[in-house]
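Engineer: From first to last, the protein sequence lines stand for chains A and B.
Using our numbering, read the first sequence as starting at 1 and increasing by one per residue.
Using our numbering, read the second sequence as starting at 413 and increasing by one per residue.
Bear in mind the hints are in silico, worked out from the structure with no lab data behind them.
Check each hint, because a few of them may be wrong.
[What the hints assert, rightly or not] Derived lysine-lysine pairs resembling BS3-like cross-links, with alpha carbons at most 30 Å apart:
1) LYS25(A) / LYS535(B)
2) LYS582(B) / LYS23(A)
3) LYS116(A) / LYS582(B)
4) LYS23(A) / LYS116(A)
5) LYS535(B) / LYS582(B)
[What the hints assert, rightly or not] Cβ-to-Cβ under 8 Å is the rule here; a few derived chain B residues that face chain A:
6) GLN486
7) PRO492
8) HIS496
9) ALA512
10) ALA513
11) VAL516
12) ILE578
13) GLU651
Note that this is a predicted model, so its numbers are computed, not measured.
For every residue, glycine included, the Cβ atom is placed at its ideal position computed from N, Cα and C.
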Amino acid sequence: MHTALWRLYRLRIRGGLRSLGRKLKSVRGAALVVFTLLALGLMIGPNLVMAFKLNHEGIMGASADGFREAVPVVMLLYVLLSVATSLGERAIYFSPSDVDFLFPAPFSRREVLLYKILGNVMAAISVAVFFPPALIMHIRSLSAAAVGFFLAFLMVNSLTMCAQLVAQSVTERAFTRARKAIVGAVIVAAAVALGQAASRGFDGPWQQTLVEARHSPVAEAILAPFTVFAKIIAAERLVPDALGWAALGAVLVVGVYALAIRPMAMACAQTLVPTMTVTLLDWLVFAAVASLVPAAAARLFVAGMFALPFNWILFGTEDFLFLLYPAAPMATGSDGFLKMGRAMLFMLAKVLMVTVCGVVAAIPAGVVYFLTESVPAACLVAWLALLLPSLGILFVAAWAFRRYDVSAGVSE
Amino acid sequence: MISVTGFSKNYGETLAVQDLSFDVSGGSILGMLGPNGAGKTTTLRAMAGILQPTSGRLLIGSHDIVQESVAAKQQLALVPDDPHLFDSLTVWEHLELIAAAYRVADFSAAAEALLEQFELADKRHTSARELSRGMRQKAAICCAYLHRPAAILFDEPMTGLDPRGIRTLKDSIRQQAAGGAAVVISSHLLSLVEDLCTHLLIMHHGRQLFCGSMEDARTRYQALEGDSSLEAVFFRATES
Numbered sequence: 001m002h003t004a005l006w007r008l009y010r011l012r013i014r015g016g017l018r019s020l021g022r023k024l025k026s027v028r029g030a031a032l033v034v035f036t037l038l039a040l041g042l043m044i045g046p047n048l049v050m051a052f053k054l055n056h057e058g059i060m061g062a063s064a065d066g067f068r069e070a071v072p073v074v075m076l077l078y079v080l081l082s083v084a085t086s087l088g089e090r091a092i093y094f095s096p097s098d099v100d101f102l103f104p105a106p107f108s109r110r111e112v113l114l115y116k117i118l119g120n121v122m123a124a125i126s127v128a129v130f131f132p133p134a135l136i137m138h139i140r141s142l143s144a145a146a147v148g149f150f151l152a153f154l155m156v157n158s159l160t161m162c163a164q165l166v167a168q169s170v171t172e173r174a175f176t177r178a179r180k181a182i183v184g185a186v187i188v189a190a191a192v193a194l195g196q197a198a199s200r201g202f203d204g205p206w207q208q209t210l211v212e213a214r215h216s217p218v219a220e221a222i223l224a225p226f227t228v229f230a231k232i233i234a235a236e237r238l239v240p241d242a243l244g245w246a247a248l249g250a251v252l253v254v255g256v257y258a259l260a261i262r263p264m265a266m267a268c269a270q271t272l273v274p275t276m277t278v279t280l281l282d283w284l285v286f287a288a289v290a291s292l293v294p295a296a297a298a299r300l301f302v303a304g305m306f307a308l309p310f311n312w313i314l315f316g317t318e319d320f321l322f323l324l325y326p327a328a329p330m331a332t333g334s335d336g337f338l339k340m341g342r343a344m345l346f347m348l349a350k351v352l353m354v355t356v357c358g359v360v361a362a363i364p365a366g367v368v369y370f371l372t373e374s375v376p377a378a379c380l381v382a383w384l385a386l387l388l389p390s391l392g393i394l395f396v397a398a399w400a401f402r403r404y405d406v407s408a409g410v411s412e
Numbered sequence: 413m414i415s416v417t418g419f420s421k422n423y424g425e426t427l428a429v430q431d432l433s434f435d436v437s438g439g440s441i442l443g444m445l446g447p448n449g450a451g452k453t454t455t456l457r458a459m460a461g462i463l464q465p466t467s468g469r470l471l472i473g474s475h476d477i478v479q480e481s482v483a484a485k486q487q488l489a490l491v492p493d494d495p496h497l498f499d500s501l502t503v504w505e506h507l508e509l510i511a512a513a514y515r516v517a518d519f520s521a522a523a524e525a526l527l528e529q530f531e532l533a534d535k536r537h538t539s540a541r542e543l544s545r546g547m548r549q550k551a552a553i554c555c556a557y558l559h560r561p562a563a564i565l566f567d568e569p570m571t572g573l574d575p576r577g578i579r580t581l582k583d584s585i586r587q588q589a590a591g592g593a594a595v596v597i598s599s600h601l602l603s604l605v606e607d608l609c610t611h612l613l614i615m616h617h618g619r620q621l622f623c624g625s626m627e628d629a630r631t632r633y634q635a636l637e638g639d640s641s642l643e644a645v646f647f648r649a650t651e652s
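This is chain A alone, in the form it adopts within the complex:
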């Protein structure tokens, strides 16, 4: 990042402190600062006293295990809530002074974006400083919890930002559809998790069922990325206990932020999220049908296998077409009539694309079947052959994303 942007951070921190110092000179300002400090003290103080007492008795962090179970769920709910309510908001807010001073200055857009993202690091530091003392009853090590909260904050922030960036670069209808699909997938997953817990019997209290649902394979899989941060927060010591998890957490955070900066990664994320969501739904439906009609299990397995590349090609084509010819979907009158025609053309293009990819996959698969007479081998070759156009779509979508102008077409 440009040195001037680092200097801007420094100047803004200095300016903020100077402003605080000036406010302290007035009675009203001083009273507000004292009140804020008192409120914070009341929130943290009793916890600290209790923690020292518990630590003295050797039972500090007694509720850390329960807290560790809750953290991933809270993180997931926070991200889902943000995704569900964030439509229409800007992923990254640029103040008028940012626009007037940073955009015309000799910085690349990526540097300016990075500058804004690093602003989140400042917020994460304050979270890391404030939360561990306030939640000291539920943690075992202040340093491990500070690192854990720091990374967890960045993780939910980066995921939310990515979701909002995707929302800005796909049509409102597509995003609404994706949101519905995500919420639907989570409800289905929660139902499956509860079902798995219930299959072991409802002997215990309902809390026990919830705990078992939390530990079902589906819930564990969904919460896995967030569990990393929970393990850091509730670790006994930062070194060596949480070091590996902290490294993994940092990689996850950097990876998700990279999605927002690199066009290729952005195109990948844009296609991957709806593809995986719809594919998971497909798999759940296929699994349900297979359990009812065991004779169809083999065919459904093949269908499930091809659902992934099929959905990838479908969503990749849709992203590419939208990035090339962006337009708001909601329109009435003659404009709506034109949009309907446009939607039909897009549909035709998608069908054509899927057909072409199907032919591309069918040719080598046919050759393999002719040579081996093995259906599994032919299916495998067809599946592998579909990877080529799938990758191609990713490249053209990344190209379209690079030339995409966010001010065009979607603001109606």
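Dock chain B against the given chain A, drawing on the hints supplied.
Structural biologist: Below, chain B alone, put in the same frame as chain A:
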């Protein structure tokens, strides 16, 4: 120094600017005139790299503002209409930031001179939130001049300035042009444009009605009564 070719900008279905082409050489001052909504600010913001053009090429020096944005912007300064400064930073800190951004070595002497010129010397340690509208305008102008840009874009630069400030700014614009900078001024103040500009660009509904020297404009749009004031030229151009 500034070359705009076939520039168009759409906001969704709305056509803000259509097929605009003009050049501004070093030492020239181009006045952009047009009614509200003519596309002047959009053009300036696209030239400054804030907005992406829908089509066309915008060169600053020999650098495309889209393809080589950093190199293009290195030679450019923009004084926006109602400039927004960073509230918590002082005037001096803004100059410090600009010096770092454009890598201006030993900027202190130049910054001091600019603050003196625009009567901001005693406000150097005042934070932006405490400045009046006119002072913020002056601070933005000081920031724009600090790195000796080869191309300077002004959007309604006189708004909020007192009479002395207006005179200082006019003199400074002439100095910048005399020093070889290409200057573009968008303004509704016809007297300012008439007084300062060597060339004229008249826009209406996003289209270019005229681009050329002031003399050419007067010749083309001279009224029957022989009134060749800029006001007469402007109304004949935009109402014909």
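Engineer: A closest beta-carbon separation below 8 Å is what the hint needs, so does PRO492(B) meet it against chain A?
Structural biologist: OK, holds: PRO492(B) within 8 Å of chain A, min 5 Å.
Engineer: Holds or violated: ALA512(B) as interface residue toward chain A, Cβ cutoff 8 Å?
Structural biologist: Since chain A brings a Cβ to about 4 Å from ALA512(B), closer than 8 Å, the hint holds.
Engineer: Answer holds if the nearest beta-carbon of chain A is closer than 8 Å to that of ILE578(B); otherwise answer violated.
Structural biologist: violated (21 Å)
Engineer: Starting from LYS23(A), check that the Cα of LYS116(A) is at most 30 Å away, please.
Structural biologist: Status holds; Cα separation ~27 Å.
Engineer: Take the C-alpha atoms of LYS582(B) and LYS23(A), compute the straight-line distance between them, and say whether it is at most 30 Å.
Structural biologist: Outside the cut-off at roughly 39 Å; violated.
Engineer: Are LYS116(A) and LYS582(B) close enough, with their CA atoms no more than 30 Å apart?
Structural biologist: violated (36 Å)
Engineer: Please verify whether LYS535(B) and LYS582(B) have alpha carbons no more than 30 Å apart.
Structural biologist: Distance ~22 Å between LYS535(B) and LYS582(B) Cα, so the pair holds.
Engineer: Return the status of the interface hint for GLN486(B): holds when the least beta-carbon distance to chain A is below 8 Å, violated otherwise.
Structural biologist: holds (4 Å)
Engineer: Given a cut of 8 Å on the nearest C-beta pair, is the interface hint for VAL516(B) held or broken against chain A?
Structural biologist: This hint is violated: VAL516(B) lies away from chain A, its Cβ roughly 10 Å from the closest one there, beyond 8 Å.
Engineer: Just to be careful: measuring from the Cβ of HIS496(B) to every Cβ in chain A, is the smallest value less than 8 Å?
Structural biologist: Where the cut-off is 8 Å and the nearest Cβ of chain A is about 4 Å from HIS496(B), the hint holds.
Engineer: Against chain A, with CB atoms and a cut of 8 Å, does the hint on ALA513(B) hold up?
Structural biologist: holds (4 Å)
Engineer: Holds or violated: the hint that GLU651(B) contacts chain A, with Cβ atoms closer than 8 Å.
Structural biologist: violated (31 Å)
Checked against the numbered hints above, the structure violates hints 2, 3, 11, 12 and 13; every other hint is satisfied.
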